[in-house]
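Visitor: Got chain A; can you put chain B on it based on the hints?
Chains as they are written, first to last, in my numbering: chain A, 1 to 119; chain B, 1 to 889.
Worth flagging that the hints you see were computed from the coordinates, not collected in a lab. We treat Cβ as the ideally placed atom computed from N, Cα and C, and that holds for glycine. A portion of the hints provided could be inaccurate.
[As the list claims (entries may be wrong)] Residues on chain B that point at chain A, a partial pick, calculated with CB under 7 Å:
| id | residue |
| --- | --- |
| 1 | TYR9 |
| 2 | ASP24 |
| 3 | THR29 |
| 4 | HIS30 |
| 5 | LEU33 |
| 6 | ASN58 |
| 7 | SER60 |
| 8 | ASP65 |
| 9 | SER66 |
| 10 | MET69 |
| 11 | ASN250 |
| 12 | GLU590 |
| 13 | GLY591 |
| 14 | GLY592 |
| 15 | PHE593 |
[Claimed, not checked] Partial pick of chain B residues on the chain A-facing surface, computed with a CB cut under 7 Å:
| id | residue |
| --- | --- |
| 16 | ALA51 |
| 17 | ALA55 |
| 18 | SER62 |
| 19 | GLU166 |
| 20 | GLN167 |
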Amino acid sequence: MAKESDNQAQIDLLQGTLDLLILRTLLLGPKHGHNIAHLIHQTSGDVLRVDHGSLYPALQRLERRGWIAAKWGASENNRRAKYYRLTADGRKQLVAETNKWERLAEAIARVLNPAREEG
Amino acid sequence: MGWWQELRYVVGRLDRRRAEAELDEEIRTHLELETEQNIEAGMSPEEARYAALRAFGNVSLSREDSRTMWGLSWLHTLRQDLRYGARMLLKHPGFTFIAVLTLALGIGVNTALFSVVNAVLLRPLPYAEPERLAQVYEANAQQGYDRFAFSLANFVDHRDQQTGFEQMAAYFRRDANLTGAGEPERVQVAVVSASFFPLLRVQPLLGRGFLTEEETPGKHRVAVLGYGLWQRRFGADPGILNQPITLGGNVFTVVGVLPAHFQFPDPFGNNPLSEAAPKVDLLTPMAYDPKNLGDRGSHFLQVLARLRPGVELAQAQTELRAIAGRLEEQYPDRNKGWTVNVFALQDEAVRAVRPALLLLLAAVAFVLLIACANVSNLLLARAAARQKEMALRLALGAPRARLLRQLLTESLLLALAGGAAGLALAYWAMRAFISFSPANVPRTDEIRLDAVALLFTFGTTLLTSVAFGLLPALQASKPDVHATIKEGGRQAGGRAGSPRMRGLLVVAEVALSLLLLIGAGLMIRTFISFQRVDPGFRTDNLLTMKLALPFAKYPEPRQQVAFYQQVIERVRALPGVQGVGAVSDLPLAEGGFFAFIIEGRASASAQDDPSAVWRATSPDYFRTMGMRLRRGREFTEHDQPGAVEVVVINETMAASFWPGEDPIGKRIQIYDQQPMPWREIVGVVNDTKQFGLNAPTRPEIYVPFTQRPRAAMTLIAHTAARPEQLAGAMRAAVRAVDPEQPVYRVSTMEQFFSAEVAGPRATMFLMGALAVAALILAAVGIYGVMAYAVTQQTHEIGIRMALGATQRNVLRLVVGQGITLTLIGEVIGLAGAFALTRLMTSLLFGVSATDPATFTVIALLLTGVALLACYIPARRATKVDPLVALRYE
Numbered sequence: 001m002a003k004e005s006d007n008q009a010q011i012d013l014l015q016g017t018l019d020l021l022i023l024r025t026l027l028l029g030p031k032h033g034h035n036i037a038h039l040i041h042q043t044s045g046d047v048l049r050v051d052h053g054s055l056y057p058a059l060q061r062l063e064r065r066g067w068i069a070a071k072w073g074a075s076e077n078n079r080r081a082k083y084y085r086l087t088a089d090g091r092k093q094l095v096a097e098t099n100k101w102e103r104l105a106e107a108i109a110r111v112l113n114p115a116r117e118e119g
Numbered sequence: 001m002g003w004w005q006e007l008r009y010v011v012g013r014l015d016r017r018r019a020e021a022e023l024d025e026e027i028r029t030h031l032e033l034e035t036e037q038n039i040e041a042g043m044s045p046e047e048a049r050y051a052a053l054r055a056f057g058n059v060s061l062s063r064e065d066s067r068t069m070w071g072l073s074w075l076h077t078l079r080q081d082l083r084y085g086a087r088m089l090l091k092h093p094g095f096t097f098i099a100v101l102t103l104a105l106g107i108g109v110n111t112a113l114f115s116v117v118n119a120v121l122l123r124p125l126p127y128a129e130p131e132r133l134a135q136v137y138e139a140n141a142q143q144g145y146d147r148f149a150f151s152l153a154n155f156v157d158h159r160d161q162q163t164g165f166e167q168m169a170a171y172f173r174r175d176a177n178l179t180g181a182g183e184p185e186r187v188q189v190a191v192v193s194a195s196f197f198p199l200l201r202v203q204p205l206l207g208r209g210f211l212t213e214e215e216t217p218g219k220h221r222v223a224v225l226g227y228g229l230w231q232r233r234f235g236a237d238p239g240i241l242n243q244p245i246t247l248g249g250n251v252f253t254v255v256g257v258l259p260a261h262f263q264f265p266d267p268f269g270n271n272p273l274s275e276a277a278p279k280v281d282l283l284t285p286m287a288y289d290p291k292n293l294g295d296r297g298s299h300f301l302q303v304l305a306r307l308r309p310g311v312e313l314a315q316a317q318t319e320l321r322a323i324a325g326r327l328e329e330q331y332p333d334r335n336k337g338w339t340v341n342v343f344a345l346q347d348e349a350v351r352a353v354r355p356a357l358l359l360l361l362a363a364v365a366f367v368l369l370i371a372c373a374n375v376s377n378l379l380l381a382r383a384a385a386r387q388k389e390m391a392l393r394l395a396l397g398a399p400r401a402r403l404l405r406q407l408l409t410e411s412l413l414l415a416l417a418g419g420a421a422g423l424a425l426a427y428w429a430m431r432a433f434i435s436f437s438p439a440n441v442p443r444t445d446e447i448r449l450d451a452v453a454l455l456f457t458f459g460t461t462l463l464t465s466v467a468f469g470l471l472p473a474l475q476a477s478k479p480d481v482h483a484t485i486k487e488g489g490r491q492a493g494g495r496a497g498s499p500r501m502r503g504l505l506v507v508a509e510v511a512l513s514l515l516l517l518i519g520a521g522l523m524i525r526t527f528i529s530f531q532r533v534d535p536g537f538r539t540d541n542l543l544t545m546k547l548a549l550p551f552a553k554y555p556e557p558r559q560q561v562a563f564y565q566q567v568i569e570r571v572r573a574l575p576g577v578q579g580v581g582a583v584s585d586l587p588l589a590e591g592g593f594f595a596f597i598i599e600g601r602a603s604a605s606a607q608d609d610p611s612a613v614w615r616a617t618s619p620d621y622f623r624t625m626g627m628r629l630r631r632g633r634e635f636t637e638h639d640q641p642g643a644v645e646v647v648v649i650n651e652t653m654a655a656s657f658w659p660g661e662d663p664i665g666k667r668i669q670i671y672d673q674q675p676m677p678w679r680e681i682v683g684v685v686n687d688t689k690q691f692g693l694n695a696p697t698r699p700e701i702y703v704p705f706t707q708r709p710r711a712a713m714t715l716i717a718h719t720a721a722r723p724e725q726l727a728g729a730m731r732a733a734v735r736a737v738d739p740e741q742p743v744y745r746v747s748t749m750e751q752f753f754s755a756e757v758a759g760p761r762a763t764m765f766l767m768g769a770l771a772v773a774a775l776i777l778a779a780v781g782i783y784g785v786m787a788y789a790v791t792q793q794t795h796e797i798g799i800r801m802a803l804g805a806t807q808r809n810v811l812r813l814v815v816g817q818g819i820t821l822t823l824i825g826e827v828i829g830l831a832g833a834f835a836l837t838r839l840m841t842s843l844l845f846g847v848s849a850t851d852p853a854t855f856t857v858i859a860l861l862l863t864g865v866a867l868l869a870c871y872i873p874a875r876r877a878t879k880v881d882p883l884v885a886l887r888y889e
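Next comes chain A alone, as it looks inside the complex (with noise of 0.2 Å):
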């Protein structure tokens, strides 16, 4: 739906990718959907962009894989939210889930890039 957008300057997230920028952004501190969202946008640079939509059946999945909490509170404008926070099972998992990451974008980086490894 929102591929035929005319943002050229944003990338779609890569499969799988959701998750680990959830569990990155819940390390600032619980947070609701909304917020989320919006601190991937922002912390990003508003390049990555979320279908905020895709956001709720992973945070369906993370909590049921035990890494993120959630409770109801009361959201900025008073309205109630549902509140999610990292569990500790959460924190490893973000742990290697970002050494991953970081292994991955490095091996990419220099099969795209060889002359630099080289010099």
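Guide: This is chain B only, laid out in the frame that chain A set:
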């Protein structure tokens, strides 16, 4: 840790309504926050709301995806799909009815036949550790025997020298008169070695089995009663032990009673009339003198064996053959060329019926495949009609897998309904099978719809639902969304669905039904061939009845002859009797061999002496049976003991031993008794079928029963009217001569005949029924596809007719399409038949497995049916009004 949290998560969402509400609230809050943010950024409320929705993406998809996380949500989905599927099926009762009926037919016949195969072929024999039981035969390749009875001496030598078997047991069957309290009765006796009981691990219900010392002559007058005889004749009297019974005039002491479930391990021969067929009534020990084991060349024992644990059948056979080799060297006169074959008892029990059952198993599988193809076709047609529904759901964001699941759930529902109806059908089909099955099908009383059969049905149902549902589901779940929605779901002219796929299904159906029809055709030809066999004697208006005189009462041959002569005279005097004769062994049913020598032609050893079938007959036997005298004379009243000993031979014997010569006046000796008189050949009669309609005719010798009396004879009366009406009068004639003398096996010759062809007849009927079912299914399939094609092509046909095509052209167009598919299917089916019918060669008689006439006729028949199936929709096509058809656009 992980699973615990997961469980807590799933349990937390078991209350679906609350979970849904929370999710909805979450999403609503999100959208509201986003909208507010957008308004703050300066958008109009409307713009803000729209932008929030756009940023969110597909709300219902998000919701659906979230829900799939709620653990057992597949169950929830299944329930939804089932409810939806059931609604769809109920909305189209015609479609549902036909599909369920078709599937019920396919699944039903499979369940029925599976139950039969399970009971007859698969279920282990009812003995402890049946896999270790074997049947052992003597075999002689030169003489063409692979399963021959043992002689006593050979049995004892093999038993005593072998090590591979835990036990070996021998038995032979005979019948005897049971007299004493109540009506005299002919009973079936098995004379068994003492090892018989421990070998089969049979624990008598009362008393005991036989002791080894009861194999000694003089101590052998003990008996173990079968459960049936004990119930019937002795009123299930528990005090029967140690009571005397009179068997063949001798007194035996009852020492045991067999349990109800005991089954005698008969080898089930090809001939259901063989004496082995009736149930054993009682057992007596086999007594013999170890110092005098009799003629090593006299083969009469059936041998069972139980393998030692860990010993293979082949090993045991190798050992026995080594023993047989030594015996062959030791006794070349009697054992030259003889060796031993060992077979698993389970295989032996079903040897005669396995080919027919496997054929039928293949046939029912074909019927199920055809049924699947038909339902697939129906679903494909429906898929075309449901394109709009599918396209809409896809457009609304349902993943294709979800649609597939929905469609397969509908298939499953159909299959389950079909399976349930199939079970009812199976019960009925099974009863039909049992009532059709000839006497040589073992263990028919164990055939039932049990848990295993139910499991089989359920498995078949699941497989079936995928088999017929997958193709249409794949097809239906990928409609061209844009085209379909744009066209408002109207059926796109002919391209909708996949005509090619439906064509393929028709081709497959035609090919499969052709195969089945050819199989059935070959069985029909076989049956006709059997019916056409000339047995060499008349089969109509003959009543036969067997008698066996007890030696105790009729010890002298003279007395036996006198008895039969009196009975014959009395029967001849009965009204409606046109002729009466007696014979020692009724042809087709029974008969024995004797070796003989021809005067002036000495053999190198006794082993090389020729042998012939042997029968003792009364003078009128040939005339009563309607046999034809070719040369010389029949027996007369003058062929008495003391006169010249005479024989009559059959044409095969004359041609084999006196080719181009006149055998009349030649003399032979028969190895039947001492001393052996020279017997003069006085006549030649036509050949008769001796051991079955498809068995080769052997040389045969007839001896007058006056010169060679037998205690057991079969009376044959040729009647003017229906032969069974004479039975009472004939029994009375016997009773008038000896009131204590039982008669048994009272039967018309026609009954023998129909028993003889019972196997082929049953196979023919069952194959025929399945083939007809296949033909109907295929015809319905062709009709359905063509009818659908015509609806799809209404527009095209309208244009053609508007452009001047005649009704004839249209007819040809439509029929041409159907016939092309049929012909392609037939070519494939014929090729398959050429390859596969060879496998049924052992079931055929008088027709080759690739009989061109059968193949041609069946192909023509199928083409004719296909033509008819195409013609009806084609006719409808010609009725298309071009104006209406064009406006339809």
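Visitor: Does each hint hold? Answer for all of them.
Guide: Hint by hint, here is what the structure shows:
1. TYR9: Check passed: Cβ of TYR9(B) comes within 5 Å of chain A, closer than 7 Å.
2. ASP24: At 11 Å from the nearest chain A Cβ, ASP24(B) fails the 7 Å test, so the hint is violated.
3. THR29: With a minimum Cβ separation of about 5 Å from chain A (threshold 7 Å), the hint on THR29(B) holds.
4. HIS30: 5 Å, holds
5. LEU33: 4 Å, holds
6. ASN58: Hint holds; ASN58(B) Cβ to chain A Cβ min 6 Å, cut 7 Å.
7. SER60: Because about 9 Å separates SER60(B) from the closest Cβ in chain A, which is outside the 7 Å limit, the hint is violated.
8. ASP65: With Cβ-Cβ at 4 Å, under 7 Å, it holds.
9. SER66: 5 Å, holds
10. MET69: 4 Å, holds
11. ASN250: Result: violated, 86 Å to nearest chain A Cβ.
12. GLU590: 78 Å, violated
13. GLY591: 81 Å, violated
14. GLY592: Violated, about 82 Å.
15. PHE593: 82 Å, violated
16. ALA51: 11 Å, violated
17. ALA55: Result: holds, 5 Å to nearest chain A Cβ.
18. SER62: 4 Å, holds
19. GLU166: Check failed: Cβ of GLU166(B) comes no nearer than 61 Å to chain A, outside 7 Å.
20. GLN167: This hint is violated: GLN167(B) lies away from chain A, its Cβ roughly 65 Å from the closest one there, beyond 7 Å.
Checked against the numbered hints above, the structure violates hints 2, 7, 11, 12, 13, 14, 15, 16, 19 and 20; every other hint is satisfied.
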